Amino acid sequence: MSLELDRSPAVVCRGVTKEFGSGDTKTVALSGVDLDVRYGETTLLVGPSGCGKTTLISIIAGLLYPTSGEISVLGQDLVRLRNGKLVNFRAQNIGFVFQQYNLLPALTAAENAAVPLVIAGEYRGRAVGAAKEILAEVGLEPRMNAYPTQLSGGQQQRVAIARALIHRPKLLVCDEPTAALDAHSGQTVMRLLKRVAVQPDRAVIIVTHDSRVYRFGDRIVSMSDGRIESVEEQVVDQEEAVAASG
Amino acid sequence: MNWIALRMLMGDRAKYFGLIFGVSFATLLMTQQVSIFMGILTRTASQVLDVRDAEIWVMDNKVRFIDEAPALPDTDLYRVRGVPGVQWAVRMYKGQVTARLADGNFRAVVLFGLDDSTLVGAPQEMVLGSLADLRRPDAVIIDKAGYEYMWPGQPHELGREFQLNDRRAVLVGICKARPPFTTLPILYTRYSSASGFVPRERNLMTYILAHPEAGLSDAEVCRRIEEQTGLMALTQRQFFWKTINYFLGSTGIPVNFGITIALGFIVGAAITGQTFYLFTLENLKQFGALKAMGVSNARLIGMILLQAVIVGLVGYGVGIGLTAAFFESTSGITHLAGLAMTPLAFGGVGAAVMLIIVITSLLSIRKVLVLEPAVVFRG
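Protein chains in written order, with the working numbering: chain W, 257 to 502; chain D, -5 to 373.
Keep in mind the hints are simulated off the structure, nothing from the lab.
One or more of the hints may lead you astray.
Taking lysine-lysine and the DSSO-like style, the derived pairs with C-alpha atoms no more than 30 angstroms apart in a straight line are [to be verified]:
(1) W/Lys282 x D/Lys361
(2) W/Lys426 x D/Lys56
(3) W/Lys426 x W/Lys450
(4) W/Lys341 x D/Lys279
(5) D/Lys279 x W/Lys388
(6) W/Lys341 x D/Lys236
(7) D/Lys279 x D/Lys361
(8) W/Lys282 x W/Lys388
(9) D/Lys279 x D/Lys56
(10) D/Lys236 x W/Lys450
(11) W/Lys282 x D/Lys279
Among the chain W residues that face chain D by a calculated CB cut under 7 angstroms, a handful are [said to hold, decoys possible]:
(12) Leu319
(13) Thr323
(14) Val343
(15) Phe354
(16) Arg380
Quick caveat: nothing in here was measured; it's all calculated off a predicted structure.
We put the CB at the ideal spot given by N, CA and C, even for glycine.
Construct all of the structure, not just a fragment, from the sequences and the given hints.
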């Protein structure tokens, strides 16, 4: 029963279209996208720049409304969620990992990781305490009190991953998590994501154009010109892939 | 989220101090200039305020301010005394004469000639000597600041002699008086002595000081005096404001100070507004990330307002502190006497700083409100 539930789609996109501008300046970023993202899986969105990956992930994350189509995330019709409800939905259910980390420079690693709990209304002390636990999990125990400028790119991304997971979101959205990192750091971050982020009750979507990390995906969704070109299921042994990448 | 807002604000010390500097500078400039402006204006009518034992001033009906009053004939005093509702009325001379000192130096002085029998209009607080000594021949009392002008650096000493209109004057007392606009020494003497100290004119009486009978308002008695004598009769408050309004309307003082105060506001608003706006712009990605992670617009507005209020309060506090330090450090300077931070400047500038902060915050809030959270995905 639970296995069946876990394998049901966390994200369902049907005929999702997104247009920017109007008249002569109208740009179609997404054109009739159909996509399912399942719990317990890592879905990679890949494709050349401008193919619509970022737009699609923004719509799935509830940061943009589609021009038309249906989008259901964790059973919620996002088009019907407006203003405060959508903001709360994001705060409770979605974790974000950004390409440029977007850590607050004035906060320590532990404080940065604690931000989602603070947003949820948790007391600062408790939130930072929880952040220290998860930072230890991502291997940053000795650097908990360091500021972002005192951390390497890989370390900052690990803080960002801790921040994305601290409130146990059901959906993790990662935008080019390895793009600003060297190859070694990129592999480390991907291994970390596979180890700590992938859970049976969580869906992980990673936008990337870095072919070296394709091996970490359960499914690879290729996009081109605002459409999904192919969906490739990977049946590789993840443990093996992780070991091989290291 | 408040602590995050504060950490964002104070995380970059240089920008934080830049913001504080902007508000402090504006506060200092505005408070200091408003206070000096008000101090100078008050000085123009300070001698009106110093007369505390008469409520009504009667004068020629063309008088525009206290320093410009033609002498009235003595008969006017009797006419005023004859107005129903006037309990008493006394004469007073106010004019400017030149004092020649024993060492040959001379100083222009403001001379008050007080009614011989009542001494109405006399100073209320003596520093040295006694008011009763004013009844001695050729006796004069000088204000403390005036003494320091006439005999700079010398200890307070009574019995000093000098000449007024080639007549001997003897110093019998030193008093406290509000500094006049022109920073000239103020001398008090009896009316009969003044007639000897002032170059001969047909009439000497500049003002008539009157007191209403019990149960009648000052304004009602003023109306009766004007009606029956054709002279101008003003309450102390009316004469105070008439004098101030003359200086406001007929001199460049308000324009000059107004320009400086406006510049203080504009420069302060520009520095603070620009720095705070740039601070918000530089943190836009962070605000975007917070927005994406589920921080509502209302909370973001709260964070920005908190940052702005902290900048405003700290900057205002520092600016007020600097202004207070300025006036404290100049309080011993004789020619700056009477210039101090006023409650109106304190409150008015507080309101101006609040306006700066509101304008500044609105610019930043607008930027954050229109920010699409999806911006965080655009590398």
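Taking the hints in turn, this is what the structure says about them:
For the hint linking W/Lys282 to D/Lys361, the alpha-carbon distance of about 24 angstroms falls within 30 angstroms, and the restraint holds. Restraint check: the Cα-Cα separation between W/Lys426 and D/Lys56 comes to about 87 angstroms, which exceeds 30 angstroms; the hinted pair is violated. Proximity of W/Lys426 to W/Lys450 is assessed by CA-CA distance (about 15 angstroms); at most 30 angstroms being required, the pair is judged to hold. Using a Cα cut-off of 30 angstroms, the hinted pair W/Lys341 and D/Lys279 holds, with the two alpha carbons roughly 23 angstroms apart.
The straight-line distance between the Cα atoms of D/Lys279 and W/Lys388 is roughly 25 angstroms, inside the 30 angstroms bound, and the hint therefore holds. For a cut-off of 30 angstroms, the pair hint linking W/Lys341 to D/Lys236 is broken: about 63 angstroms separates their Cα positions. A distance of roughly 12 angstroms separates the Cα atoms of D/Lys279 and D/Lys361; the hinted pair therefore holds under the 30 angstroms criterion. For the proposed pair W/Lys282 and W/Lys388, the alpha carbon gap of about 47 angstroms is over 30 angstroms, so the pair is violated.
With a C-alpha separation of about 69 angstroms, the suggested pairing of D/Lys279 with D/Lys56 is violated against the 30 angstroms cut-off. Of the pairs offered as hints, the one joining D/Lys236 and W/Lys450 is violated, with about 84 angstroms between alpha carbons and a cut-off of 30 angstroms exceeded. Distance check on the hinted pair: W/Lys282 and D/Lys279 sit about 26 angstroms apart at the alpha-carbon level, within 30 angstroms; holds. Because the beta carbon of W/Leu319 sits about 4 angstroms from the nearest beta carbon in chain D, less than 7 angstroms, this interface hint is met.
Annotation: W/Thr323 was flagged as interfacial toward chain D, and the flag is violated, the nearest CB pair being 14 angstroms apart, outside 7 angstroms. At about 5 angstroms, the closest approach between the beta carbon of W/Val343 and any beta carbon in chain D falls short of 7 angstroms, and the interface hint on this residue holds. Annotation: interface hint on W/Phe354 holds; nearest CB of chain D at approximately 5 angstroms, less than 7 angstroms. Because the beta carbon of W/Arg380 sits about 6 angstroms from the nearest beta carbon in chain D, less than 7 angstroms, this interface hint is met.
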